[in-house]
Every structure is written in structure tokens, then in C-alpha cells.
Amino acid sequence: MSSETERRERFEAIATEVYDPLQRYLRRRATAEESGDVLSDVLLTVWRRLDDVPRDAVLPWCYGVARRTLSNHRRAAQRHLRLVQRLESEREHTSGGDPADVLDEQDPDLAEALAGLPPADREILRLWAWEQLEPREIAQVLGSTANAVSLRLSRARKKLAESLTRQDDSNPGHIGEEPAEEQQR
Amino acid sequence: MTDQLRKRLARLDPMHPGVPTKSMTTESSRRLLEDIMSTPVTEQPASQPEPKPNRWLVGVAAAAALVVAVGGAIALTGGTSGDPVAGGPPLVLEAGGEDSTAMCIMFSVEELARAPLAFEGTVTAVEGDSVTLTVDEWFKGGDAGQVVLNAPQGMEALIAGFPFEVGAPYLITAYDGNVNYCGFSGPSTPEFRAAFEQAFGG
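Residue numbers (the working numbering), protein chains in the order written: chain A, 1 to 185; chain B, 186 to 387.
Same shape as in the complex, but just chain A:
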């Protein structure tokens, strides 16, 4: 990338594309304060590594940077504690303040089934359904391959469906959507 003007233009274009979805990605996984810090760091990484940002996968690339940056932010145990304390006090003081809680109430079965999956399964399902990424893009975020992601995703969906089926079985009077069971029963 040659001139300063070109760099700025390219950066502005990328920022325009990712500013909103990155905020959503981070707020799904972190507190507002943490999200703000990580957003700045991710954009700084974009600026510094402008030539490395793949033109056909700008957003997944940025999600990948966000994921690693968020992870780095959480390295220090001190941070864990502050975060725990903050989250706990947020929960105490603002009852129902977490948008996720409200939504969970709308579909408690699915929320419960999702919460019961291992974190890796949950994360891949979120990237798929919340960030609306395809396996190829999820692979870019996770540093994996599209094939491996497809396999994982399909397993995660199956586990989720099985968990929903179990809930239905133990809850015969339950009214709700048919669980997305793939095949056999």
C-alpha cells in the first residue's frame, strides 16, 4: 500500500464495514467496557496490518483478531476477578438488564440446551447463527479449515437437537417448536 491517503481510505472502508458487526460480536461475549477496549485494539491491528486483511474475508478476519485480542485481554487473573465482580454487581443492580436474559425467556428450552453444550460447540453455533457466518468464514475466525468446521458445526447442531429432544421427552405437555432433529429418533 503506497500513499498515506490510500491507507486512510482503505482503513476507513474497512472500518465502515466492520464497526457495527464487531461491536455486536464483542458485546455478545464481553462487558461493555471490555468490548470498547478490544474494539480499539482490533481497529489498531487493522490499521497496522492493512495489507494483511484479506479483501474477500474482511469481517471474518476481524472477528479472528477480536477473538485473540479478547483472549489476551483476559490473560491476567486480576482481570478475571474484576470481571466477575463487575458482572455480579451488574446482575444484582440491574435485574433483567442483560438482553440475553430477556431473550432466553422467550425460548427457555433452546437457551437451556445451548447453555448445556460445551463452550466450543456453543461458540461455533453462535458464529453460525448470530454472526451468520458460513463454515468457510468460521474457519477463518477460528484458524481452522472449512471441512473441520463443517464437521464440528454439524455435531454441535446434532447435540443441540438431541438435548432439545430430551427436554421434550421429559416435558410431554410442553408447547413449542419442533426441535430441529436431523434424522432418527
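Hints are computed from structural coordinates only; laboratory data are not their basis.
Computed from a prediction, not measured in an experiment: that's the story for all the values here.
Where hints are given, some of them may not hold.
[Unchecked claim] Partial selection, computed: residues in chain B whose CB lies under 10 Å from chain A:
id	residue
1	291
2	292
3	368
Yeah, the Cβ is synthetic: ideal placement off N, Cα and C, and Gly gets one too.
With the hints as your guide, set chain B onto chain A.
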């Protein structure tokens, strides 16, 4: 069916498109972007890859097949190996599979408590791509006296771990044989340990 599940999951999204985010045109957003664009880039040319970590990092990632790396390794939950002091076969965990890199979720004691495997251990050896720890305390899910963490080479792009130092204590959680390092494992500090104790009732 799959589409239906995806839609149903999307309805649980706390940041669905109806939730507003900060606009790029606000004063604080513009200030942030201008600050970033005035940052010199000469120190780290854009074409240069991220610096390769020369310390052993848990966060380096890759795919499967690591458990094979140590012969006689017992299975993931590690519950089979009797007396820790007697030095039965070590429990082997992957410290860099895609599973372990995919777990950046919000930290909470409640979430921590979901981990099927949790222990505190002291590092006794760091060799190449593996770290050996002597277990000081099992909080949950195992009873092996030693745990070996393996990480594959060649995935330096995913720098997200923490260095292991011989003699230092660490608190580790794992799912399905994969270390969950993203906020749920790390150097042992009184605060982090307190969270473990709270989570596992130890």
C-alpha cells in the same frame, strides 16, 4: 430443519440487528478512528507476519491427533488412574486444538463451574511442545498425579495463550480433553483460585 434451527438460535441473539450500536459518525468514534490513523505503522510493517512467540504458548492452535503424542496416555476425563502420588499414567490434554481456541465466552464463576475438568498444578517441565504439571489439587473430574499439556507447532498465527514457567502454579480447566485457556485457565493467583474454589465448592 437446519435453517429453522439457525433462525431459532438467531432469536436468542442478545445483539440482534434491532439492538443499536455506536455509530461510526459519533464524535467519540471519529476521535478513535483518527487516533488510530495517526499511529505510525513503521515499527511493524503491514506485510510482516505477527512475531512468532518463542515461549511455549498454550494458545497456539491446530487440529487433532495430539493425544496420541504421549504413549500410554489415558483418556480425557482421566478418572482412571488411581493414586496420584503413585505416579500413574499422566492425563494428557490438548492445549491448542480448535476446541480450546473457540471458547472465548464471558467469564463467570457459574460458567467456570460447568467445566468437567479442573485442577491446580505446578509446572515441572516445559519441553518443546509439551508442558508437564504435577497436580496439586483436583477440583473436578480427575485424579491423575501428573498432567501433560500438548500443543502442536505451526499455528503461530493464533497467539492467545499464556507462557508456562517451571515451578509456577496454574489453574487449568478442560472440556473434552481440550484446555480452555480463554479466561478459564491461567496462572494461579489468590483471586483466580478463589473463583475456582467458589465454582467447585473446594
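Are any of the numbered hints broken by this structure? If so, which, sorted upward? Of the numbered hints, all hold.
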